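Engineer: Going by this note's numbering, the residue at position 128 of the sequence shown is 172; the numbering climbs one at a time, nothing skipped.
Honestly, the hints are just simulated from the structure, not real lab data. One should not assume that every hint holds.
What the hints assert, rightly or not - Derived DEER-like restraints, expressed as beta-carbon distance ranges:
#, residue 1, residue 2, range
1, D129, E202, 31 to 37 Å
2, K203, M230, 21 to 27 Å
3, A194, R80, 24 to 30 Å
4, K126, G46, 21 to 27 Å
5, A194, Y88, 27 to 33 Å
6, A194, N146, 26 to 32 Å
7, S115, D220, 18 to 24 Å
What the hints assert, rightly or not - Straight-line C-alpha distance at most 30 Å; calculated DSSO-like pairs for lysine-lysine:
#, residue 1, residue 2
8, K203, K104
9, K84, K49
10, K84, K126
11, K126, K49
12, K180, K126
13, K49, K189
14, K203, K49
15, K84, K180
16, K126, K203
17, K180, K221
18, K126, K189
19, K104, K49
20, K203, K189
21, K104, K180
22, K104, K84
23, K84, K221
24, K104, K221
In this text, all values refer to a predicted model and were calculated from it rather than measured experimentally. C-beta atoms are modelled at their ideal positions from N, C-alpha and C, and glycine is treated no differently.
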Amino acid sequence: MGYLKERIKHAVRFRHKRGYGVHSPFMFNLILNVIRDREKQFQYPERLERENCLNHRERKIFRLLSRLVRSLRVHRMICLGKNADILCRYLQEVCDVEISVNQLDTLQSADFIYIGRQFPLDETTFAGMLQNHPQKCIVIADIHKKGIHARLWHQWLEKATVSVDMMWYGILFFDDKIQEGRYCLMI
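Throw the hints in and build the complete structure from the sequences for me.
Structural biologist: Pasting the structure below:
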């Protein structure tokens with residue numbers, strides 16, 4: 045029942061869906077051209093999508109991550125989670141990025157971190173990670189479910205410059221050059 049209540053509250057509040065009320069040029073561009081992909085400017089490896097039998101939800105997040113990685117010009121990325129190896133192959137097909145799969149020892153050098161579903165996390169691993177965070181962006185799955193993902197989301201939300209809550213996933217930006225903001229979207 046609590047999850048349904050959160051889902052309804054989120055659906056009522058996702059007013060930034062088309063960029064309305066967004067005053068930051070960076071976020072306006074990100075919402076319309078990257079998250080929404082209004083101009084259909086990105087190409088995706090559909091062969092990999094068929095080979096790995098990705099369901100609709102996985103295909104949507106893989107495509108979103110590929111658009112984010114390309115638009116942010118990511119050099120080093122870490123993928124943690126259930127389908128991290130498939131995501132690694134997917135992203136290496138569309139862009140030139142160095143990706144570590146489920147390797148926590150390279151957290152400090154990454155500028156993009158994806159914390160996917162069903163990855164056994166402990167808070168001690170991530171406790172000191174944001175002390176001197178060189179990474180630009182963190183994407184977390186299942187941010188409203190109980191567990192470590194929700195705790196990490198709420199802990200890092202305070203330190204992030206910009207947060208994008210997409211109900212199933214959350215994006216956090218740690219860049220002082222970007223205008224601060226909290227956004228609710230649906231993908």
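Engineer: Evaluate each hint against the coordinates.
Structural biologist: Do the hints match the structure? See the list:
| no. | hint | result |
| --- | --- | --- |
| 1 | D129 - E202: 31 to 37 Å | holds (32 Å) |
| 2 | K203 - M230: 21 to 27 Å | holds (25 Å) |
| 3 | A194 - R80: 24 to 30 Å | holds (26 Å) |
| 4 | K126 - G46: 21 to 27 Å | holds (24 Å) |
| 5 | A194 - Y88: 27 to 33 Å | holds (30 Å) |
| 6 | A194 - N146: 26 to 32 Å | violated (21 Å) |
| 7 | S115 - D220: 18 to 24 Å | holds (19 Å) |
| 8 | K203 - K104 | holds (27 Å) |
| 9 | K84 - K49 | violated (33 Å) |
| 10 | K84 - K126 | holds (28 Å) |
| 11 | K126 - K49 | holds (27 Å) |
| 12 | K180 - K126 | holds (23 Å) |
| 13 | K49 - K189 | holds (12 Å) |
| 14 | K203 - K49 | holds (26 Å) |
| 15 | K84 - K180 | holds (25 Å) |
| 16 | K126 - K203 | holds (27 Å) |
| 17 | K180 - K221 | holds (11 Å) |
| 18 | K126 - K189 | holds (16 Å) |
| 19 | K104 - K49 | holds (24 Å) |
| 20 | K203 - K189 | holds (21 Å) |
| 21 | K104 - K180 | holds (22 Å) |
| 22 | K104 - K84 | holds (14 Å) |
| 23 | K84 - K221 | holds (28 Å) |
| 24 | K104 - K221 | holds (29 Å) |
Going through the hint list in order, the structure does not satisfy hints 6, 9.
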